[in-house]
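**Student:** From the two separate chains plus the hints, produce the assembled complex.
Note that the protein sequences, when read in sequence, are chains C and G. Numbered per the working numbering, the first sequence spans residues 2 to 257. Numbered per the working numbering, the second sequence spans residues 267 to 605.
It is worth saying that the hints were derived from the structure and are not from the lab. What you are looking at is a predicted structure, and each value in this text was computed from that prediction instead of being measured. Be aware that a few hints might be false.
To be verified - Taking CB as the label site, the calculated pair distances span:
#: 1; chain 1: C; residue 1: I120; chain 2: G; residue 2: I572; range: 48 to 58 Å
#: 2; chain 1: C; residue 1: L122; chain 2: G; residue 2: V378; range: 27 to 37 Å
#: 3; chain 1: G; residue 1: R458; chain 2: C; residue 2: R62; range: 38 to 48 Å
#: 4; chain 1: G; residue 1: R600; chain 2: C; residue 2: I120; range: 11 to 21 Å
#: 5; chain 1: C; residue 1: E126; chain 2: G; residue 2: K561; range: 53 to 63 Å
#: 6; chain 1: G; residue 1: L476; chain 2: C; residue 2: G15; range: 16 to 26 Å
#: 7; chain 1: C; residue 1: R217; chain 2: G; residue 2: R458; range: 46 to 56 Å
#: 8; chain 1: C; residue 1: R217; chain 2: G; residue 2: R589; range: 51 to 61 Å
#: 9; chain 1: G; residue 1: L476; chain 2: C; residue 2: F17; range: 16 to 26 Å
#: 10; chain 1: C; residue 1: G15; chain 2: G; residue 2: K561; range: 58 to 68 Å
We treat Cβ as the ideally placed atom computed from N, Cα and C, and that holds for glycine.
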Amino acid sequence: MEILETIDIVKKFGEFRALNGVTLGVEKGKVTVLIGPNGSGKTTLINCLTGVYRPDEGTVRYKGDDITGKAPHKLRKIGIARTFQIPAPFKKLTVFENLMVSAGNQLGEDILKALARRIWLPQEEELTEKSLALLKSFDVEGKRNNLAYELSGGQLKLLELLRLLMEDVELCVLDEPVGSIHPVLANKIFSTVKAMSEKEGITFLIVEHRLDIAMRYADNVCALVEGKILCHGSPKSVLENEELQRTYLSLKNVRK
Amino acid sequence: MVNIADILIPISTFVTFFAVYLLVSLALNLQQGYTGIPNLGLFLSIIVGAVVTAVLPSRLAMVIYSVPPELNFIEDNAQVVALLNVHLASDPFTSIGLLLLTIVVAAGAGMVTGYLTSFFVRRLDETYLAVFLLALAEAARTIGTYYRPLAGGNFGISMPNFVGWFGADYYYLGLFILISSVSVLIFFLTERLCHSPFGRLLRSIREDELTAKTVGKDTNRVKMIVMALSSGILAVAGVLNTTRQAAAVIPTYDRIDFTFWPWLMVIVGGSGNNLGTLVGTISLISLRRVLIYMKPSLSFLPFSPIWFEHILLGIILLLVMFRRPEGLIPEKPRKLQGP
Ligand SMILES: Nc1ncnc2c1ncn2[C@@H]1O[C@H](COP(=O)(O)OP(=O)(O)O)[C@@H](O)[C@H]1O
Ligand SMILES: [Mg+2]
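Next up, chain G with everything else stripped away, as it sits in the complex (with noise of 0.2 Å):
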């Protein structure tokens, strides 16, 4: 007989793959596609998300479990880890609850950190603040990497598995059922958001600031939601992703993976329109999945498959830019009806 979990682990993988990633993109397509912020750290918010949920769920599952308190959860990770996955195997109810909390707790502390950083929006030029937000983040990286007690440092830390109450067959059915509810939750959302008074006041600020100014638009207040709103975006996707995984390892979180492909993804798509977002992260996940698959067919190549990938990004955005700049889908401006 077919294990249930053959068939489940493969998509599951895929799906949350892709929900992750979606997020990252949709919010990237909020700065940069429809109000012109162009961020190229990404992932300072997502490693934001990853801190809180490397921090918060687990001390508290400590508390609410009484483990021991010698037991520290950097330091005797194992041990916390297999300690608390079998209270919160039978408590399906203090999982979603502490998963939950994780999610707005992250949220907001990326909101707060999209707020902070919109200082820096209104004051640098386009060039000057991307390659500065890019600097925050890989700072940031650099902190969570090197300074264990956030999240383990270099190695970085298991989490405890707070879909465990699936049972060992259904787990993978409970991330994919959790973590992609979230992320079509927050894709209808921003979709709805975007296709509003406040979508079309987004993309008048891309296309003339100044102009926007003159017609009574407070463009630094609208840049600081869309940067707070984003960063929040963002931060959720640090949390499921670190969920997904049952680990938070912060050297992961680099500009290559979660930035430099997210930006890959909403081109290709077609920037301005989450549904080009949609089709060019799908596309591009797919493709990078069916690499993975190939790898041991390259081998022919005269360097590692690894870096083929690398050369890929720089192949694809190349093409699409000289072929089809608007992307697979392009904006859409609405039309009027009518004689």
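If we strip away everything but chain C, and leave its shape as in the complex, we get (with noise of 0.2 Å):
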């Protein structure tokens, strides 16, 4: 069953097309995994799914649900959340803190109760319980009192993807977690991507270039080449389809 539909999206920077007509399902509970060269349009794509962008032309759709130019935070409430591909993190914030806003219904962030502290203090000390956690599993939580800006490139594409398990979700969509992360994370991220999928059933829509860690991982892989969808279906047959092999795979050198 498809989560999530997009339909002939079209979007345009001017003139140029950096979406020519993408049509694309993604899979519930699965992980997809997006490839694709650099320009190819798949943070615009991103973009388009999450409210980010508008499309100029093209249908989203959310289990059933037109969800076209909704805005971001209205997806966020109906599961869908992401990362950026350039880490967008609170700056000065701290890690804790950074974690703790991206919780949802939060009682304190009502500006009347967030008068009276009896009333949201018990959710503030659940969340601070749940985002110590999240940094304990991924040995982080010595940074906690760190502000933002004073982590390292790695640290902050983690805390992209920390961030956004704060708050239930059902549809993930990452722009290259794993970017500028070492090998052994990586491999910890997908892992625990993966896990998430196959236990809790949340679906995942990865844009990511390290194909050698991300393939050991996804069930389905889709290829934009050009604005448009080149190919899609099992890592297998996507990375066997001559014509990526010309444009985009033999420059990665990547072993099936």
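**Tutor:** Below is the structure:
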């Protein structure tokens, strides 16, 4: 079953068609990896799926409902979360605060309830436990009091991912989650992803260039070239696609 | 024997001036320091508060004390004020009631103003927004200056005395108590708000609005709330300033005194925390007071000492920007103790 579908998405920047009719289905509970050369429109597609851009043409459906052009915060409330290719943390907040603020439905974020500590304190303590546990599971609890701008590139990538685990999520859209992360952590991130999809039925759509790692965990692979889907299917079938071999994979030297 | 008023007047003048400015810089800190909304037109909502004070309580008092209808508050200002003062001086309940009502109505009017401007806050980028809000405020000031029925226009109007019932000797004590308690109350409420998840939400929007949206925050709604709340505070500052001066003179609410100085106070104190704002406000107010007393001895300057204050504003700004951009008391993120 497909949790997310795009139908003929077109996104133009001026005259340039960054997306030129993208039709794609993302299977529920599976890990779909989106590959393609730089500038092929992967990030633009993600932006169209998560409400950052409104597509010029076409429709985005989530669980059968039309969500084209819906605002990002509304999409987050119905279970669609995303990360950014270039990490976009809350720089002058601590790592811990970055996680805390990312949790949804906080009583203390209501201006009137915020004045009464006893209303929001129990929830705050719960969320504190949750974020500390998350930080611990990736061995970064020592960084909790660091301001986000003090982190390294790899740590920021990790923070992008942890941020979206603070609230229930059904569809995770990750833009190059392990770029500039060392292989051990990268594998750990992907095995976490895989476990979440298998145990909790969470769907993942992941843009990733590091095929050596990503292909091990992918259920489906989809290749985007020049704003169009070139091929879509099992990792094996996509990697064997001749045209993709010529345009993209030959440069990557990937073994199947 | 020392006259009690001789001691009270300077203290009360200083403290009430500070209390009014504290509200202005608190509001700015909520907008700019916490949420990242650059507002160069703080005096818009202050003027709204001042106009409400000029229009509402005296008209009500005229009805309550049956002032002859042929007397007009603006045209026969001195006469009406003298009449009302006699009544109000022996009627603390009505005085307090009118004042509280004015504060509530002005806060409401300020919040509506903030709510309306928040539509532009959503749509305009930082620089455009700052300049646009400045233009709006300038427009309000121009209207207030040239349209006499509002608040007497260019020369302003005198206000009846709502703390006259303290008696001539203790009048300044009354002002002191009234104005500083409103200001202290608002300070502590703001502080409480900022140390809650709501404050954290504001800082996240300041740091990266798009990320805040993608983690599910309705940032437009939050900005609207912040604009409404802080504009309400600004309007209360307008009420209190009008009360402490016992006059409403709209042209005095200009961009230098009621936007640029507050900005400097927030920057000097350290934006994004209310304690810093308080420290910045009190240090710069003290400095300006000292300057006023020093004016006679500044006559050696090749220009009027009035301009010296403006030059100082620029110099302090540059010094802080270069030497201590985070301010006297930098924003402190909440640290989590434990292993
Ligand atoms: N905001 C923008 N304005 C203009 N052109 C853009 C913008 N964003 C992306 N593009 C262009 O669209 C194409 C696709 O970009 P992008 O989606 O970032 O590619 P990818 O993520 O696959 O590397 C590129 O040619 C890029 O230059
Ligand atoms: Mg990209």
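**Student:** Now, for every hint given, state plainly whether the structure supports it.
**Tutor:** Each hint tested on the structure:
1. A hinted range of 48 to 58 Å for the beta carbons of I120 of chain C and I572 of chain G is consistent with their spacing of about 51 Å.
2. In this structure the supplied range 27 to 37 Å holds for L122 of chain C paired with V378 of chain G, their Cβ-Cβ distance being about 33 Å.
3. Remark: the range hint 38 to 48 Å for R458 of chain G to R62 of chain C is upheld by a beta-carbon distance near 44 Å.
4. About 18 Å separates the C-beta atoms of R600 of chain G and I120 of chain C, a value consistent with the hinted range of 11 to 21 Å.
5. Checked against the given bound of 53 to 63 Å, the beta carbons of E126 of chain C and K561 of chain G, roughly 56 Å apart, stay inside it.
6. For L476 of chain G and G15 of chain C, the hinted distance range of 16 to 26 Å is satisfied, since their beta carbons lie about 22 Å from each other.
7. Between R217 of chain C and R458 of chain G the beta carbons are some 51 Å apart, a value that agrees with the proposed interval 46 to 56 Å.
8. Distance hint check for R217 of chain C and R589 of chain G: the Cβ-Cβ separation is about 54 Å, which falls inside the suggested range of 51 to 61 Å.
9. Restraint check, L476 of chain G to F17 of chain C: a C-beta distance of roughly 22 Å satisfies the suggested window 16 to 26 Å.
10. Checked against the hint of 58 to 68 Å, the C-beta distance between G15 of chain C and K561 of chain G comes to roughly 60 Å, which is consistent with it.
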